[in-house]
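Protein chains in written order, with the numbering used here: chain A, 1 to 353; chain B, 1 to 81.
Please note that the accuracy of each hint is not assured.
To list a few chain A residues with every Cβ distance to chain B over 12 Å, as calculated [unchecked claim]:
hint, residue
1, W21
2, L23
3, P40
4, H57
5, P70
6, V106
Below, in silico cross-link-like pairs of lysine-lysine (DSS-like), each with a Cα-Cα straight-line distance of 27 Å or less [unchecked claim]:
hint, chain 1, residue 1, chain 2, residue 2
7, B, K70, A, K229
8, B, K15, A, K204
9, B, K77, A, K234
10, A, K297, A, K102
11, A, K229, B, K15
12, B, K15, B, K77
13, A, K234, B, K15
Think of the hints as simulated: they come from the structure by calculation, not from any bench.
Heads up, the beta-carbon is just placed ideally off N, CA and C, and yes, glycines get one too.
Residues per chain are reported as follows:
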Amino acid sequence: MQTNLTKQEKTPFSSADVRSWALVVIAAVIWFALYNVIQPFADWIAYGLLALPKDSHLGESLAFFFYDVPKIILLLGGMIFLITLLRSFFSAEQTRAWLGGKREGVGNVLAAALGVITPFCSCSAVPLFIGFVESGIPLGVTFSFLTAAPVVNEVALVMLFGLFGWKIAGLYLLSGLTIAIVAGVVIGRLNLERYVEDFVWQIKVGKGEALSEQPTWTERFQIAWQSTKEIVGKVWLYVIVGIAIGAGIHGYVPESALAGILGKQAWWSVPAAVVLGVPLYSNAAGIIPVVSALMEKGAALGTVLAFMMSVVALSLPEMVILRRVLKPQLIAIFIGTVALAIILTGYLFNLVI
Amino acid sequence: MKTIKVLGTGCATCKRLLNDVNTLVVKNNWQVRVEYVTDVAAIMSYNVLSTPALVVDEKVLMTGHPGAAKVEAALFKALEA
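Here chain B stands alone, though its shape is the one from the complex:
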């Protein structure tokens, strides 16, 4: 099972991304685990400079929240690989 991680420090955009990811997982019936990572040391181990960041199987897909449609497209690509 693949793991999607949302890295965030608790800001509004981070929570929005987490919500959108959860919604997309239900909508597309993806068999994945979603984790919300708030620990600063854990976030920094991915070498990101801005939050939120979206991680699938330990690889950073994107930072920021470019909109649900782009998140969905990126997740589709990453989950099928």
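Isolated chain A, as found in the complex:
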């Protein structure tokens, strides 16, 4: 980071960078303008254009739908852009250098935090895992990093912010980090090195020079814009379907209908939600609008968050990728630890809120 900053100071903005900044500022102004006309727009469609009565089930559901869809899509676009822009300042190589020589504990905390902000795609999990453990980073610290990235999912974070507000989004971020730290510490304490596939320890990592060229602002904006298109392009349909289901629940399901099965009184609902969520591979985009509507009808926050985290954190495709470097025993311990940590988090939320 330090070298990066001094380098930025040395090279003044190029005219291309000035143009890119101007473009981003204009886009931001348009974004804010659009964001502020969503509510009148939704009301106009539901009650003006379609002339539905204000207190009808259908009118309420449709107004909800036409408000939430543009709002969430706009929020996703804007915030994912900012998040990926921030991530362009980090790299896996840099993260490995920072984590090298850190003790367990401090290392786990740092690894979890870096897991959230380091650009990371699950297809890189194998080289990343090998590169980390070969350079001497403890197994538990590596796991904190590998857990934090999927548990704190950027789409989930933005959608929680949009549908529940910043407090719940912040709670999700904190509990995701805690789960990653705890899972890493537990795996580190259990001394599970023997359950890493043997070939991993025999690989000789090459000495090739690290890529050190810093991107310009224009390039950072391009990287962020490309990732934003990719991520939003992948989830927008889930968002719409999820919000449609959520809007139906919002308009038609009576208040507190779900308090009995998904409310705080039902102690078994948290583990049940996690058991249901782990094999269910979906993305946060489709699930959050539904759980948001369920909560209105009496489902407890802890139960709902536990369900959501187990859906996004433990996905089958990722386990298949990790299976190439981990023996089944370690994968089972990993899934068990994370699932248990999520269950405890769910209880904690139900207790506190």
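Start from chain A and add chain B according to the hints.
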């Protein structure tokens, strides 16, 4: 003849990079060999932490897929050297 290697673990982005590189080679009529490396041990010998990675004559040019235009520019530079 120079050799371009695409290091990838089989993910979607890796295949996209391989396709784009193949397209660029045909388009620019480069006399090169393109290899797709999926063996984890071989990938790690280049000391990369993220895939895909683009390698020309055993030197890592870039990791990830920053877009066909950047790949083309980087390959032009590396192949002319």
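Looking back at the numbered hints, which does the structure fail to meet, lowest number first? Numbers 9 and 10 - these are the hints that the structure violates, sorted from lowest upward.
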